[in-house]
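Trainee: Residue-level listing of the chains:
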Amino acid sequence: MENQIKDRIILWLIRLFFYFIVAIVGYIIFDIVYNGLSTLSWEFITGFPRRSGAEGGIFPAIVGTAYLVFGAIIVALPLGMASAIYLSEYARTGRFTSLVRLAITTLAGVPSIVFGLFGLGLFVIFFGFGASILSGSLTLSFMILPTIIVSSEESLRAVPMSLREGSLALGASKWQTIYKNVLPNALPGMLTGAILGIGRAAGETAPILLTVAAFYLPRLPGSIFDQVMALPYHLYVLATQHPEAEKVLPMQYGTALVLLLLVIIFNLGAIILRNHFRKKIQW
Amino acid sequence: MKNWKEKIIRLLLVASASISILIVLSIFLFLGKEALPFAFDPGLSALWGTRWIPVSFKEELFGLLPLLTGSILVTVLATAIMIPFGVLGAVYIAEIARGPERDILKPFIEILTAIPSVVIGFFGLVVLSPIIKNIFHLNTGLTALSGAVLLALMAIPTVISISEDAIRSVPKSYKEASLALGAKRLQTIFSVIVPAALPGIIAAIMLGIGRVIGETMVVLMVTGNAAKITFNPMSSVRTMTATIAAEMGEVAFGSHHYRALFWVGIILLLITFGLNVIAQKVLKRYRTVE
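Going line by line, the protein sequences match chains A and B. At position 132 of the first sequence the residue is numbered 131 (numbering that gives the first Met the number 0), and the sequence of numbers has no breaks. At position 162 of the second sequence the residue is numbered 161 (numbering that gives the first Met the number 0), and the sequence of numbers has no breaks.
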């Protein structure tokens with residue numbers, strides 16, 4: 000009897016630990032949403048910043064982030080999908096394959112600030128792109144590449160073997176089989192990975208800090224060799240570098256909320272897309 | 000004709016897959032290229048010092064030890080917080096939580112991995128730091144502890160999800176045998192299931208540590224950025240990542256300071272690379288045993 004009570008207490012302690020984390024996650028989201036909502040307005044989203052960000056809106060930062068993310072995804076998506084197709088459909092176990100896999104897990108673990116240093120050394124200095132959208136996008140694309148490869152490969156592997164065998168038995172070539180039978184079925188899963196990659200690229204600060212982000216630039220970029228403002232960097236600047244950091248707190252909360260909404264929308268989108276197709280496709 | 004097409008496509012796919020290898024190699028190469036001249040002038044021994052004063056009219060000092068101890072202090076604290084929450088969280092989700100509870104709360108906790116680190120850092124700056132300042136009666140809430148709490152929080156979903164996989168992949172027969180022998184549910188969990196899943200849990204913790212060491216924005220915003228050697232959690236510290244982020248923007252290209260920052264990057268890269276490789280080895284061996 001005594002033992003049973005002890006067990007129950009321990010069980011509730013474990014539950015307490017778990018719900019503590021749940022509560023903190025809930026509180027972070029609540030705090031940002033609650034305090035950010037009062038700043039959120041049409042003018043805030045579509046207006047240009049004034050007085051070094053103390054007033055006005057964050058439109059250039061939103062546009063800058065959109066450019067960076069778009070640039071990152073058009074480079075990383077084809078590369079990632081092609082790598083995944085190779086790994087799932089062509090690769091045999093061997094030295095090259097395990098080297099590729101080691102490279103992918105290594106890339107996934109490289110700290111984001113090191114990606115920033117790398118982008119600085121390679122794109123900004125060696126290629127002479129300077130601090131620009133081009134340098135920033137390419138740096139981000141390398142960073143999200145592992146996410147895209149891993150989720151694309153997973154969805155390719157989920158396509159049953161029988162689909163490939165049937166096609167091959169009818170005389171289709173390997174690529175025809177992949178293109179007509181495997182890819183269409185794996186595409187939703189691959190898109191999910193792409194969306195998750197977009198979410199990550201939109202929120203990263205450290206890599207763009209060294210390769211593209213402008214402190215305060217209240218206009219839109221003219222070319223891919225221009226610097227831009229970006230949402231995460233803008234939040235960092237307002238919160239830590241602004242001379243009147245306390246006074247611009249509403250602007251900080253507003254920016255944080257827009258950023259948070261952006262990544263949560265992307266992640267929810269990815270989850271909904273995945274569930275939708277998981278239900279629809281039944282092998 | 001058809002055969003040609005197949006071959007070209009195959010070649011393109013191989014080339015794409017090789018790009019990951021190429022990127023990893025060029026990361027090492029370009030970090031090395033910018034860092035190397037420092038080894039000749041002023042020499043690597045300059046890095047082995049106790050003071051980091053990179054900008055000075057008298058003598059510039061590039062001792063990395065304060066940055067290293069800063070990173071270590073924050074990481075150790077964060078790991079100490081992350082382990083109980085991560086492991087018990089995984090036990091709860093894998094063995095105790097029931098259907099709907101698990102289906103809702105697990106993805107909810109995973110939202111944490113999606114929240115940008117700058118937002119977590121901002122939350123730390125305006126909400127957590129004042130709390131820590133008040134609880135411990137400090138002059139500033141920007142301490143190693145503040146950073147560690149937030150970093151632990153960011154790593155916990157990773158630890159939970161990988162540990163949970165490890166716990167789930169323990170053969171059901173272990174659990175059944177233990178219960179059949181009359182062991183209680185908790186006894187079974189902590190004497191049979193968790194020990195069997197231990198390698199996977201350790202790998203999960205290592206991957207969590209890798210995330211903590213490499214995190215930049217949170218520590219930059221909430222640890223106070225004082226480059227000094229200390230092991231007091233209530234003190235301000237400056238980590239390696241924060242140093243690069245804070246100083247690279249103002250540094251003169253090609254200067255000693257610039258090159259020293261690249262050395263900091265190399266050290267970070269090597270640490271996270273090592274942790275990753277070991278964690279993957281453990282996970283792999285573990286998966287083949289199943």
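Certain hints may be false.
Said to hold, decoys possible - Only some residues are given here: those of chain A computed to face chain B with a beta carbon under 8 Å: (1) Ile13; (2) Val21; (3) Asp30; (4) Ser82; (5) Leu86; (6) Ser87; (7) Leu106; (8) Phe125; (9) Phe128; (10) Leu167; (11) Leu169; (12) Thr204; (13) Pro231; (14) Leu260; (15) Ile264; (16) Asn266.
Stated by the list, open to error - In silico EDC-like cross-links for lysine to aspartate or glutamate, where the CA-CA straight-line distance does not exceed 20 Å: (17) B:Lys183 - A:Asp6; (18) A:Lys173 - B:Glu94; (19) B:Lys183 - A:Glu54.
Stated by the list, open to error - Rough simulated footprint, nothing fancy, chain A against chain B, three-plus residues with beta-carbon under 8 Å: (20) 68-76; (21) 110-116; (22) 123-135; (23) 166-180; (24) 197-205; (25) 235-247.
The set of hints was computed from the structure by calculation and includes no laboratory data. Glycine is no exception: its CB is placed at the ideal position from the N, C-alpha and C atoms.
Trainee: Confirm or reject each hint.
Mentor: For each hint, the structure was consulted:
1. With 8 Å as the threshold, the beta carbon of Ile13 (chain A) comes within range of chain B, its nearest partner Cβ sitting at about 5 Å, so the hint holds.
2. Among the interface hints, the one on Val21 (chain A) holds; its C-beta lies about 6 Å from the nearest C-beta in chain B, closer than the 8 Å criterion.
3. With a least beta-carbon distance of about 6 Å to chain B, the hint placing Asp30 (chain A) at the interface is held under the 8 Å criterion.
4. Given hint, Ser82 (chain A) at the interface with chain B, holds; its Cβ is 4 Å from that chain's nearest Cβ, closer than 8 Å.
5. Interface restraint check for Leu86 (chain A): the shortest CB-CB distance to chain B comes to about 6 Å, inside 8 Å, so the restraint holds.
6. Annotation: Ser87 (chain A) was flagged as interfacial toward chain B, and the flag is violated, the nearest CB pair being 10 Å apart, outside 8 Å.
7. At a threshold of 8 Å, the smallest CB-CB gap from Leu106 (chain A) to chain B is about 6 Å, leaving the interface hint in force.
8. The closest approach between the C-beta of Phe125 (chain A) and any C-beta of chain B is roughly 7 Å, which is under the 8 Å cut-off, so the hint is satisfied.
9. Annotation: interface hint on Phe128 (chain A) violated; nearest CB of chain B at approximately 14 Å, more than 8 Å.
10. Hint status for Leu167 (chain A): violated, given a least beta-carbon distance of 13 Å to chain B, over 8 Å.
11. The beta carbon of Leu169 (chain A) is not positioned within 8 Å of any beta carbon in chain B (closest approach about 15 Å), and the interface hint is therefore violated.
12. The interface hint given for Thr204 (chain A) holds, since its Cβ lies 5 Å from the closest Cβ of chain B, which is under the 8 Å cut-off.
13. Evaluation of the Pro231 (chain A) hint against chain B yields a held restraint, the C-beta minimum of about 4 Å falling below 8 Å.
14. Interface hint at Leu260 (chain A): violated, since its Cβ lies 11 Å from the closest Cβ of chain B, which is beyond the 8 Å cut-off.
15. At about 10 Å, the closest approach between the beta carbon of Ile264 (chain A) and any beta carbon in chain B exceeds 8 Å, and the interface hint on this residue is violated.
16. Residue-level restraint check for Asn266 (chain A) holds (minimum Cβ-Cβ distance to chain B is 5 Å; threshold 8 Å).
17. The hinted pair formed by Lys183 (chain B) and Asp6 (chain A) meets the criterion: a straight-line CA distance of about 9 Å does not exceed 20 Å.
18. For the proposed pair Lys173 (chain A) and Glu94 (chain B), the alpha carbon gap of about 44 Å is over 20 Å, so the pair is violated.
19. Restraint check for Lys183 (chain B) and Glu54 (chain A): the C-alpha separation of about 62 Å exceeds 20 Å, so the hint is violated.
20. Counting residues of the stretch 68-76 of chain B whose CB lies closer than 8 Å to any CB of chain A gives 0, which falls below the minimum of 3, so the coverage claim is violated.
21. Counting residues of the stretch 110-116 of chain B whose C-beta lies closer than 8 Å to any C-beta of chain A gives 6; at least three are required, and the coverage claim holds.
22. Coverage of the stretch 123-135 of chain B by chain A holds [criterion: at least 3 residues with CB-CB distance below 8 Å; count 3].
23. Here the stretch 166-180 of chain B counts 0 residues with a CB under 8 Å from a CB of chain A, which misses the bar of 3, and the coverage is violated.
24. Only residues whose beta carbon comes within less than 8 Å of a beta carbon in chain A count, and the stretch 197-205 of chain B has 0; fewer than three means the coverage is violated.
25. Under a criterion of three residues with beta carbons nearer than 8 Å to beta carbons of chain A, the stated coverage of the stretch 235-247 of chain B is upheld, 4 such residues being counted.
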